[in-house]
Amino acid sequence: MTTAAEFVAVSRHFGDFTAVDGLDLTIREGELTTLLGPSGCGKTTSLRMLAGYLAPSEGQIWIGGEDVTRTPPEKRGLGMVFQSYALFPHMSVADNVGYGLKLRKVPRAERARRVAEALELVGLGHLADRRPKALSGGQQQRVALARAIVIRPRLLLLDEPLSNLDARLRVQMREEIRRIQAEAGLTVVLVTHDQEEALEMSDRMVVMNGGRVMQEGPPDELFPAPANRFVAEFLGYENFLELPGRGLVTVRPELLELRGEHLEAAGHGTAPATAVPATVTSIAYRGVELRVALDAVDATGATVPLIASVRRDAIDSRDLPALLPGGRVTVGADPGHLVRLSA
Amino acid sequence: MKRSSPIAVTLAFLGYVVMIVPILFVVATAFTDGDALTFPPEGLSLRWFEAAISYEPFTRALVSSLQLALISTVLALGIGIPATLAIMRGRLPGKSVVEGLFLSPLILPELVVGLALFQQFMIHLEMDNFRTLLIGHTAILLPYTVRVTGASLALADPALEDAARGLGASAWRSFWTVTLPVLRPGIISAALLSFVTSFNNVPISLLLQSRDFRTLPVTMLDYVQQNYTPIVAAMSTLLLAGTVVLAFAAERILGFARIFGGINR
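Protein sequences, first through last, are from chains A and W. For the first sequence, the numbering used here gives the first residue as 1, with consecutive numbering after it. For the second sequence, the numbering used here gives the first residue as 1, with consecutive numbering after it.
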């Protein structure tokens with residue numbers, strides 16, 4: 001696998017605040033890498049340093065085997081899609097897309113052909129003569145994408161590209177971006193705070209917090225095995241507790257098993273190797289599932305909130321009365337379903 | 001359509017009455033056939049308009065005023081636009097001090113500015129009165145150019161310039177092809193406002209006048225002090241007509257809301 005870009009011990013300070021703290025990161029050729037994290041985690045600062053809009057305080061940035069740390073953005077040959085799309089309001093859609101080609105002195109005829117091609121790729125061939133303000137948010141997004149890819153960038157950088165779209169369009173654009181990436185054979189770096197988006201779109205995801213990388217890897221490796229509590233929480237894990245001899249563990253709500261005086265194992269029926277006492281605090285009915293909130297007492301004696309998601313049809317109807325607020329149960333899980341966390 | 005409250009309608013109506021009615025009196029008296037500035041006019045004629053456009057001091061002053069307004073507007077934009085960009089986008093130490101400096105002519109009494117320029121530039125440095133007037137007018141126009149283009153810049157997405165840079169434009173190129181065109185409505189409104197402000201200025205123009213170069217408002221003021229003929233009303237009416245034509249053209253070309261909002265969206 002070839003390296004498309006690399007951060008080498010990159011830090012960025014803003015006054016006393018360290019936005020990025022000794023970042024080492026490799027972007028692989030042809031892959032879609034997401035930088036994922038809450039706001040202030042350093043993901044956007046990292047992207048802006050990669051694009052050349054911000055200079056690192058320390059460290060180097062390499063693109064295609066070349067040290068670009070001091071190279072201005074216009075000499076980096078990257079395509080970027082901004083959160084606000086940043087379409088030039090005084091130009092038509094076609095002129096927006098053709099802007100980068102014009103600067104590269106591409107002859108008029110070839111320019112027109114490539115602009116048309118790029119607009120076709122994002123499905124907006126028919127809107128070439130419109131002004132950006134006459135387009136919907138989703139269409140503006142596609143124009144921004146076409147403008148960035150028409151220059152055949154070494155890297156395509158996407159800064160929270162979907163956050164201004166409505167929920168349905170967002171999901172649709174995820175697939176769209178993946179399709180365009182594949183068709184154009186692009187290396188993409190995408191910044192997002194949406195873990196679902198990252199899981200669905202990435203070849204490789206990098207979870208950041210406090211300017212550092214918490215964990216990185218392909219979604220299918222990273223999701224089942226979060227390295228620490230921060231990553232687990234960010235990926236949507238909810239249950240955290242200390243178990244004797246196992247340290248801090250987490251377990252997905254649907255893999256948690258409940259036992260009470262009358263309750264059979266609600267999950268797989270195997271006896272939980274580890275079990276803790278708990279009190280039901282509330283119950284929510286969600287279609288075929290029951291979402292049971294519990295207060296459990298873990299190994300340290302602390303009361304921790306847990307969420308169990310139980311299939312309704314897995315519970316004997318005689319046992320339902322035990323699943324009421326105040327009901328005392330035992331909570332456990334198959335040891336194979338426990339994920340051990342470092343902190 | 002939204003129904004306005006009766007109070008708002010009444011206030012707006014009163015506002016228009018207070019602003020427009022006195023002007024209508026001036027316009028009406030300009031068409032008089034008599035020899036005095038009286039209302040109602042005695043008879044109807046265009047003879048005072050003829051008198052106004054053939055009265056040499058007025059026509060000469062009109063040319064002077066237009067020259068002064070045009071050049072000082074260009075100067076104020078030439079200084080004000082880069083200053084605005086530096087204040088709002090640059091990494092300038094003491095931004096607020098610089099901004100305060102550019103806005104200060106707005107609160108300084110213009111007579112004081114005029115007197116200071118008269119003493120220092122015309123007497124002390126022996127500069128001619130046209131150049132001194134240019135300096136004075138440019139200074140009082142700067143707050144308008146800085147504020148109006150600043151409002152326009154504040155509404156523009158800062159990522160636009162980043163986008164241009166990322167696509168391969170140098171800082172200079174992105175300024176010419178993106179920043180400036182995006183600011184265009186703001187620049188046009190700043191220019192109109194500056195032009196009118198310079199053209200209408202009395203205090204500075206009054207203090208810095210000379211026999212060879214005198215602006216139209218000063219000349220008219222001078223005239224009214226010595227004569228009381230409807231020629232002044234006729235000249236005023238012509239100026240009013242010119243302003244209305246200009247405003248109408250601006251409205252047709254760009255739309256008032258856009259000019260004075262400075263919004264390019």
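To be clear, the hints were calculated from the coordinates, so they are not data collected in a lab. There may be inaccurate statements among the hints.
Here are the simulated distance ranges between beta carbons [claimed, not checked]:
hint: 1; chain 1: W; residue 1: Arg-173; chain 2: A; residue 2: Gly-123; range: 47 to 57 Å
hint: 2; chain 1: W; residue 1: Val-18; chain 2: A; residue 2: Ser-136; range: 29 to 39 Å
hint: 3; chain 1: A; residue 1: Ser-136; chain 2: W; residue 2: Gln-67; range: 43 to 53 Å
hint: 4; chain 1: W; residue 1: Ser-170; chain 2: A; residue 2: Ser-136; range: 47 to 57 Å
hint: 5; chain 1: A; residue 1: Gly-287; chain 2: W; residue 2: Val-9; range: 36 to 46 Å
hint: 6; chain 1: A; residue 1: Asp-95; chain 2: W; residue 2: Ser-170; range: 32 to 42 Å
hint: 7; chain 1: A; residue 1: Gly-123; chain 2: W; residue 2: Ser-170; range: 29 to 39 Å
hint: 8; chain 1: A; residue 1: Ala-184; chain 2: W; residue 2: Arg-173; range: 25 to 35 Å
hint: 9; chain 1: W; residue 1: Ser-170; chain 2: A; residue 2: Arg-152; range: 18 to 28 Å
hint: 10; chain 1: W; residue 1: Leu-11; chain 2: A; residue 2: Phe-14; range: 30 to 40 Å
Far from chain A, by Cβ distances over 12 Å, these chain W residues were calculated [stated by the list, open to error]:
hint: 11; residue: Ser-174
hint: 12; residue: Phe-195
hint: 13; residue: Arg-211
Taking beta-carbon pairs under 10 Å as the criterion, some of the chain A residues facing chain W (in silico) [said to hold, decoys possible]:
hint: 14; residue: Gly-79
hint: 15; residue: Gln-83
hint: 16; residue: Pro-89
hint: 17; residue: Leu-199
hint: 18; residue: Tyr-237
The C-beta atom is built at its ideal place from N, Cα and C for all residues, glycine as well.
Kindly indicate which numbered hints from before are broken by the structure, ordering the numbers from low to high.
-> Hints 1, 2, 4, 5, 6, 10, 11, 17, 18 not satisfied by this model.
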